[in-house]
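Enquirer: Sequence:
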Amino acid sequence: MDEDELEIIRKRRIEELKKMQKAKAELLANGHGKYEEVADEKEFFEATKKSKNVVCLFYLDGNMRCKIVDKHLQILAVKHIGTRFIHVNADKVCLSRYAKKMAGTNIGEQLGAQLMKAAQIMEEHIDSEMSRLDHMDEDELEIIRKRRIEELKKMQKAKAELLANGHGKYEEVADEKEFFEATKKSKNVVCLFYLDGNMRCKIVDKHLQILAVKHIGTRFIHVNADKVHFLVTRLNIRVIPTIAIVKDQQTIDYIRGFDDLGGVDDFKTEVLEHRLARSGVIKVEKPKMEQPKKKIIRSNDHAQDTSHAALMASRRSTIDDALSSWIGIGDIKLKFVKNYTDLPSLRIKNAIHFAASSYSGPTALAFSNSATSWFIDIRMSGGEYLKRKLEVPDVCALDWTKGHRLVVIDRRGNAALYSSLGERVSEFHFGNGIREVREVRVFTTTHDSGVAIIDDQMRIFVVNSVSEPVVWSMHNSSREHPSAWTVLQPKSQLTQVIVAHGTAFYTGCQGEQLTPVDTSFSESEGQYARMSVSWEHSMIALYHSSGLIQVVSADLSRQISRIRVPGEESIYRFGWVGLDALFLQRTPLVVQFFNVHDENAHYGLHTEFVQIGVEPDGIKLYSDTAMEFVSPVSRDEKAVLGVASASDGALLYEAAQWLNTNKSHQSYEYIMQINDLSLAIDQCISAATSAWSSDMQKALLKAAHFGVAFSTGFDSARFVRVLRELRVLNEVHRRRIGMPITCTQLHELGESCLINRLIDIGAYGTAAEICKWLRRDEQEGIDRVLLEWVRRTINEAASLPNKSELNMEALDEKIAKKLLNYPHVSLADAAKRAIDAKLPKLARLLIKREKDDSKQVNVLLQLGDIQEALTRAAAAQRPQLMHQVVRHLMKEQKRADYELAIRKIPLAQCLYQDLVREESERGSGKMMLALLEQASDFERQTMFHLDAVESEMNPSERLNSLRRAKEAAKNLGDKGVEELLSDMAAFVPGQSERGEDLMTIRETVIQHADDAQKVAQFKHQAKLTDKQVWLWTIEGLARKGKMEQLFDMAQKKSPVGYVPFIKACVKYHKQDECKKYFAKVHGYQDLVAAYMAMGNFVGAAKIAFDRRDRDMLQHVFMKSHGNKDAYAKVAQLVRSL
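Residue 275 in UniProt numbering sits at position 275 of the sequence shown, with consecutive numbering throughout.
Careful: at least some of the hints might be erroneous.
Claimed, not checked - Subject to a maximum C-alpha distance of 30 Å in a straight line, what follows is the list of computed BS3-like cross-link-like pairs (lysine-lysine):
1. Lys-1014 with Lys-1040
2. Lys-975 with Lys-1040
3. Lys-283 with Lys-153
4. Lys-851 with Lys-814
It should be emphasised that the hints constitute simulated quantities derived from the structure, not laboratory data. In this text the structure is predicted, and so the values were computed from the model without any measurement.
Input sequences plus hints: build the corresponding full structure.
Expert: Structure representation (C-alpha cells):
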C-alpha cells in the first residue's frame, strides 16, 4: 500500500471519529449518559421519539426492589451512552396495567448482569476486529479489494436485470396473463388489488410508489380487481384494497385493508415497509440484539426442548387464518368461511330453480328438458347426492320447509311434498279456480313452514302449515300485481300478509281483508320492489326503486334505519345476514353487504356465479364447486381473537398459548392480568362454538380448560355440554354427511330435529352415534333410529317390482344382525313393520328370533298363525298368555275352527272349558228372557238385551243384542230410547269395520277429529249435538298436535266458547298456543274459567274480587290449593272481601 492510499484511510478514519464524536454529543444533549426520571406520559413518549434505544423502569415509591434496580441502571447509564436510561412512577402514568403489576419484580440483578454481559461481548468482538484490520498485510488487502470489485460488478449486473424486468418503478398490469408473467420473472412481488374511485387505494398507491424506488429487489405492481375476476376468486380477494405478497410464485401473505397498518388512513410509509418486511418480501435495516439462550432442565431425559417460536408462529397462523376472513363493515364484522371446496360440479348455472334448506340441510336444483318435462337433483352441501333426476311434471317454484320437506308448486296451484331422498310424502291443492301461479312465498312458523301464492287474478292463497294444509284466501283490492309482498307469522299470532303497491302499504291477517296502512316512512315517488323479513320476525327490510334500503318494524309503525345503495344495477336477491347486516345480490357475480345501523358502511363482493341460501345466523354462498358461509362475527369472537384485544378472554387465550413453550412463565403473567376469570372462560368457550376450524376450537377450549384450573366456582357443566355439541357438529360437518350446521342453528333446531334430519337422509350410523354422545333416552334415541332403518330397509325391499327375486333369508339375517347388537330393541317391532309392508314371510322369520313370548304370540296372532301362537303360548307355561290367545280365537274365528285347534293343546282346552262354563252361566239367563217375553215385560227385556251388549265379546252377537233391545223399546212405546238404540245400531257396524269395537262414541270422534268428513258422518249416525262434536273435536285435535287445524276451527263461531280450546291446549302441554285463544275470550265467567285453566289462579281471583263475587272467589280459592304461592295470595283476597 502506497502513501496516498494510507493517507486516504487516515482521513476516512478521522472523519469517522468526528462523526462518532458528534453523535455522542447529540446523545448527551438528549439525556444519554445519565439516569433521569420522566414525570408523565408526554415526557415518556418524547424520550422514546428522540432516542432509538430506551430502557425504562416502572417503579413504586417505597419499594425496596425498585431501589436495587435503580442502583444498577445508574451504573449502566454512564457506561452505555448509546441507550437512554429513564425511570417513571407507575402511579402517575397509565401506560400499562401490566407494567404496574411488574413494577418491583426481582429482575434488577438479572437485568444488570445480562446487559453487562452483552456489552462486554460486543466490545470484545469490536476490539478483535479492529486488531485484525490493523495487522493486515498488503496481500490480504489486495484480495479484499478484488473481491469487493467482483461483488460490485455482480450487484450492478443484477440491478440492471431487475430494472429491465420492471423493478424500481410502480406499474399497472392489465390482466391475469401479465400478473403471472410478473410473478414468474421476479422472485418477490407486491401487488395491490384496487378499484377505481376508492380513496384508500390511492393512499396505498402513494406509499408503494416510494417503496418501489427504495427496494429495487422487489417488483411492485397494481391491478384493477374488476378486470381480473379469476385472479380475485383464486386468491380469495375479499377486501379492497388488498396487497398480495408473492414469493417464488406462491402467495404467502395478504394485507387486507388498513387493520395491519394501524387502522388509520394517515399511516407512515415506514409502517407499510415494516409490515412487508415481516413477510420477508423486502429487507429493512434495523439493529438486532441476540437473546442469550436459556438452559431448560426437564425431568424426562428423552424430552426435547419445545420451540416456543414455532408454537407461537403456529398460533399466529391460526389467528391470522381466522382474522383474514373477517371483513369490517362499520362497527360490525362479517366472516367468510369456506365450508367445502373442490366439490363435484353442481351445474348451478344450468339450473332454472334453486333452493337451499335452512339449518344447513340439502339443496335442490330444478332442470327442464322441455315444457312438460322437469327433473330435480337433491344434494347435500358436502357434494353427496341424495336423489338424482327426480322427475316431476312441472315446476313454478320450489323451496324447503322447516320440517325438512321439499315443496314443489306447479303453475296450476298443485303442491307436492318430497322427503330429502325424493320420496313423495303428500300433496295438496290451493284451489280449483287457479289458472296460473305468479309468485310464491314460503314462510316459517313456530313449528313448521307455510306457503302463500298469488295467482293471475291477484288473489292470495295461504297455507299456514304444509304438514296440515288448510287453505285460506285473501282478495287483493287492487287488480294490479303488487310491487312487493311478504307473509309472516309472529310467534303465537295470526298469519299476516303485507302488500306494497308502489309506495302504499296494505296489511291483513287470516280471516280479514287487506286494509291500507298509514306509514310515515314511505317515499313519495317510485315503488318498493323487495321485502325481506328478519328471521325472528321483528323487522322488515324494504328496497325502494330509487336505490334506498329502509329497515322498519314488523308492524310498519316506525323506521329503524335508512341506507343508500351505491350503483344502479338490477336486483337479483335481497335479504338478511343475521340481525345486523343485509345482503343485496346485484347479479350472480356481485353481492353487496350493508350494516343495518350505519348507512355509510358497505362492502362489495365480486365472486364467481353463486346462489344464496339464508340461515338464522348468516347466508350460504353456493358456487359450482364450493360452499361458503357468511355470518356476523360474534361479540365473544371479537373479544378473544380481535386485533389488539385486551379483553379477559384474549388474555386467557394468550396465556394458554405460552403454556407449552420454554417461556411458560409468561402464562402466569398473563393470567395475573385477568380481572374476571369466569368471564374469560365463558368468552373462550363461546368463541369456540363459533369457530369452524377444529384446530381453532381446540385452541380456544384448551384456553378455557386452562382458566378452569385457576377458577374455584366455575360450573363445568357448560364446558362439558359444549364439548359434546362440538363433537356432534364436527361429525356432521364431514363431507360424507355434508351438513355444515353451526352451534346457533343447532340450538334453534334442537337435538331431536337434527337426529330426524340424519334419519331422513339415511345417515343412520351417524344418528345412532350422536344419540350416544348426547346421551339421549334410548326410546327417543337409538331405538327410533334403528326402527326407522328397519322400516326403510323393509319398504325398499317391498317396493321391488318382482318380489319373487327377493331373498327373505338374507334380509332377515341383515336386520337381525343389526338389531341383535341392541338387545333393548324388539325384533317384534321389526316383524310388525314387515306385516305392514305385506311381507308375511319376512315377519315369520324375524319373529322366530324374538325372545319375549308375549310379543311373539301377538305377532303370530296378527299373522293368523293360530296353531303356532297356541304352541308358543303353551310352551311359555303362562296361563294369562294362553287366556289371551283363546279369547282372540273366540272373538275372531268360528267355533268349529277354533275348537279343533284348541283340542290339541291341553292348557288351551282347559281354559276354554272355563270360558264356556262362564258362558253357560250367562246362558241360564235365557230362561229369564223367556219368562219376560211371556209376561210382555218390554222394559226388563230392553235392560236384559243391553246387559248382553255389555258382556258379549263377539261383535256380530253384540249387534244382534242391540237390535233386540231396539225391538223391545219399540214394543214398550218409548220413542226416545228406540231412536237412540237405532242410531247405536247404525253406528256399531262401522266401529267393527274400523276395528274400534271397544271404543265409545266420544273416543271414536276424538280419534278421527282431524277428518272433518268422518266427524260429520259420526254426528249424523249417532245423532250428536253441535256442542258434543265441538268439545270432542277440540280435544282430539289438541291430543294429536294438529294446532293449525285447531286454530282454523277457532276462527268459526264456537257454540262452546273458547275456554275448551285453552283447556285442551293445557291438557296436552301446548301452553304456548293458549295466548291465541285467550285473546278471543269474553265475558266474566269465561275469563275466570280461562285464567283457571291456564293455572293463573291469582288472575282469576282478581276478576272475581273486582266483581265482589264471594262464591266465585271461594271457588277459585278451593281450586288453587295445589299451588302454594297462588293459594296464599287468593286467601288474602278472600279475607279482604
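Enquirer: Can you give the numbers of the hints that this structure goes against, from lowest to highest?
Expert: Per hint list: single violation, 2.
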